[in-house]
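Engineer: Keeping the supplied structure of chain A fixed, place chains B and C upon it in accordance with the hints.
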Amino acid sequence: MREEIAIQINGITLTVLAGCTVASAIGISDLACRTSVGGQLRGPLCAMGICFECRAMVNGQPHTRTCQLLCEPDMDIHTT
Amino acid sequence: MTRHFDTLVVGSGPAGISAAICAAEDGAEVGLVDDNPSAGGQIWRESLGKHKPLSNVAKWHQRLLAAQVVSLQGWPVFDHPSARTLRAERGGKVIDLQFENLILATGARELFLPFPGWTLPNVMGAGALQAMVKGGLPVTGKRVVIAGSGPLLLAVAAYLKSAGAEVICICEQASFAQLMPFALALLSTPAKIEEGLHYRGSTWKIPFHTSAWPVEANGDQQLRDVTLSIRGKRKTINCDYLACGFHLVPNTEVAALIGCDRQSGAITVNEWQQTSISNVYCAGEPTGIGGLELSLIEGQIAGLVASGQKEKARSLFGQREKWRRFASRLSKAFALRTELRSLPDDTTLLCRCEDVSYGIVRQHRSWRDAKLHTRCGMGPCQGRICGSAAEFLLGWNDGLVRPPVFPALISSLVSSQAHAQSEMQNTQEV
Amino acid sequence: MSGSFDAVVTGAGIVGAACALELASAGMHVAVIERRGIGSGATAAGMGHIVVMDDSEAQFALTSYSQSLWQTLAPELPASVEYERTGTIWVAADDEEMAEVHRKLAFYTARGIPVEVLDAQSLAEAEPNLRRPLAGGLRVISDAVLYPPCAAGYLLEKAKQEQPALELILGQDVAAIGSGRVVLRDGTQIHSPIIINATGSFAPELTPGIAIKKRKGHLIITDRYPDFLHHQLVELGYLKSAHSSTADSVAFNVQPRKTGQLLIGSSRQYGAENSGIDRDIVSAMIERAALYMPQLANLSALRVWSGFRAATPDKLPLIGPTEDVSVFLATGHEGLGITTSLATARLLADHLLGRASAIPLDPYLPSRLVNDSASPSTVEMFHA
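Residue numbers (the numbering used here), protein chains in the order written: chain A, 72 to 151; chain B, 899 to 1328; chain C, 4 to 387.
This is chain A alone, in the form it adopts within the complex:
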């Protein structure tokens, strides 16, 4: 039985299962990860750490790729 993890996305608490990636958690919340330099909403394209479309602010660190990052308890995630 995988444990449940509580994270924050844009200030709202979400519970996910251990092993869930931050990108997938953002997807569960029906949010886009980031806004492009031209103002478009973007989500993951490659989901393997290469396209950088999945970047979000994680625990205060901007430009963090989220598709290879596992959710951790109390993670503070902000889409940009």
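Hint data in this document are derived by calculation from the structure and do not stem from the laboratory. Careful: at least some of the hints might be erroneous.
Unchecked claim - Label-pair ranges, simulated between beta-carbon atoms:
1) B:R1263 - C:P167: 17 to 23 angstroms
2) B:S1174 - C:T112: 56 to 62 angstroms
3) A:E74 - B:M899: 28 to 34 angstroms
Stated by the list, open to error - Looking from chain C toward chain B, a few residues come up when the C-beta cut is under 7 angstroms (computed):
4) P152
5) G156
6) S286
7) A300
8) V307
All C-beta atoms in this analysis are idealised placements derived from N, C-alpha and C, irrespective of residue type, glycine included.
Structural biologist: What follows is chains B and C alone, placed relative to chain A:
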């Protein structure tokens, strides 16, 4: 922090895993470094330890567990600070990996071709959607259109269906005529037939269209519908996800940074899987897209040679030859058609990091000129997405790779000597 | 391609582009020959810093004149050139450097350059990410930054507008120039009474014997961090560090780009001919920068690259005639190529057309070094 290995393997997909196992057989110190949280690469993502006990994956996983291999998951390699050192970074921590022999098994990535609307959220690669679902994204009851090219599309369709998605159709750009020889030639590779039948069995109700590709994706904040061209006729389908990837291209950036020779986008190797640098080997997709079995064979050969077991390696040459022929049939079957070059219009974005349109980029004479004058390829992905697309669309090739291979913190670029001084007390586990 | 021109410029970097524009504006039929692409050499590698310097009267004259030319051009520059009057702050870490701030203040003020002394407090307010305490700095308000490859592109575009017959020949290597002819690698000959060698650190290949040496530098560009940095910051500590001597050296020098990315430099090496990244130099450069801006260490680096400046023994460029009546030099700008490109082109055009110049050409004439090329004093200067 510094670790030393007799053989360092980069990439823990099938090629890397098989290479590491074979390299460790003689008692050598072997390290296996990879950027993902767990081993398996793309094709074995989330599969190690979770597959049926007697499956191929399970057997390799057991061998990996039994082998004395130091596993370094979640450490993206970003620099090559000296001839026998690679540097990886995680969350601001840096590790220097020193080696006598290096085996590069960095796999492949999907090829993304631009078309109007391709930047909408929920338009992603085929393997990408599979990865997202494996990473926890629920797709139960979601409508998915799968498009692009390659055997991956069928595998993804089967997986998504098993995850509860409603897979509406699969659109393969290759024509039926182009695919037929490959399908017939599968007769010479029974294992693949079984695999194909297994996929087809689980997806037999899903329409599989050939000569089909997406022409437009539409939606406001995210994808709402896709317009497909299916053998010349347009069809618009409402869907939640478009999983679209046009087969695979090798990940050659680390090899290029080190200075290995490349040709036609792949790393050149000799019969021993050696690159142009004698203590650097390459196995799997970076030597040319060839699929799982070829990756496993090449990985084994590289690992055996690196650990001085050339005769054992030679015994695998016959199998390698067979799977290379398969790979050649594969690339012919799924060759990309010229119509795909007309998919983007001038306003379609080519560079997604810097939002540069195709029309602006193609005014220039070369990839380098386009980068300098339009910022295309100058963003975080450093041209991996747009550059590969530009190569197909415009025939451009630059290939110059500068460090860091992946964005790294400035502090991580500081050389090891200085780092060793400040990290002397740091003896945490990796 | 026609075979004869009024003037041929070799090299489509920022200096070559500026020369092409000046001569095209004067009505000449110009050809520009470049072996790679527009702005692909040092123009692509360096920081686009437009800065007034006070190392010598001649350097001041050239940089300030050229800066005013940039200011005049600024309103018409397209967004892709990313021109911005960020200003420069020369940062003083201690009292000795603060004394230098006051010396510079006097120098610039006497010559009409708008400057402002910052004490420790106002420096911290101007640039919150600088470490504290620092002694203060000198803010040079009219200094600017831009993106050089697009600037070079714009100058050539404007030249083409002035002279539709202007020919831009890209991807062609020049094998030799002289006696009114430009010979390409493929054997083609182009005739011109005026040939301008604007090939930067490669200039000695076409004009053998000129006193140009490659001075390698490295830069790092970060991801986007808007509001992290507002001015171009340069340390005054180079006075104490070995920045102007023979040892490889680094200095704190950072630039904000309009995109919010930061350019981090700078480094200087002597005798390094290969274009690979020298990681020890890059490390030293980062450590120096982090001394002034500790938070830099936490920024994401996208790319590190190197380039070659064209350096002369006395830090002034070579502008003007050579012993061959058809060949003229516009090279040797070291780290000031972007700044002085426009004035270089104007001075050279003035010379060619017999016009009066706003500032004397004499200090930059190639002949000033020719007779001295074998003399010990020049050799000393090069290595001093």
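Engineer: Among all the numbered hints in the text so far, which are the ones the structure does not match?
Structural biologist: none
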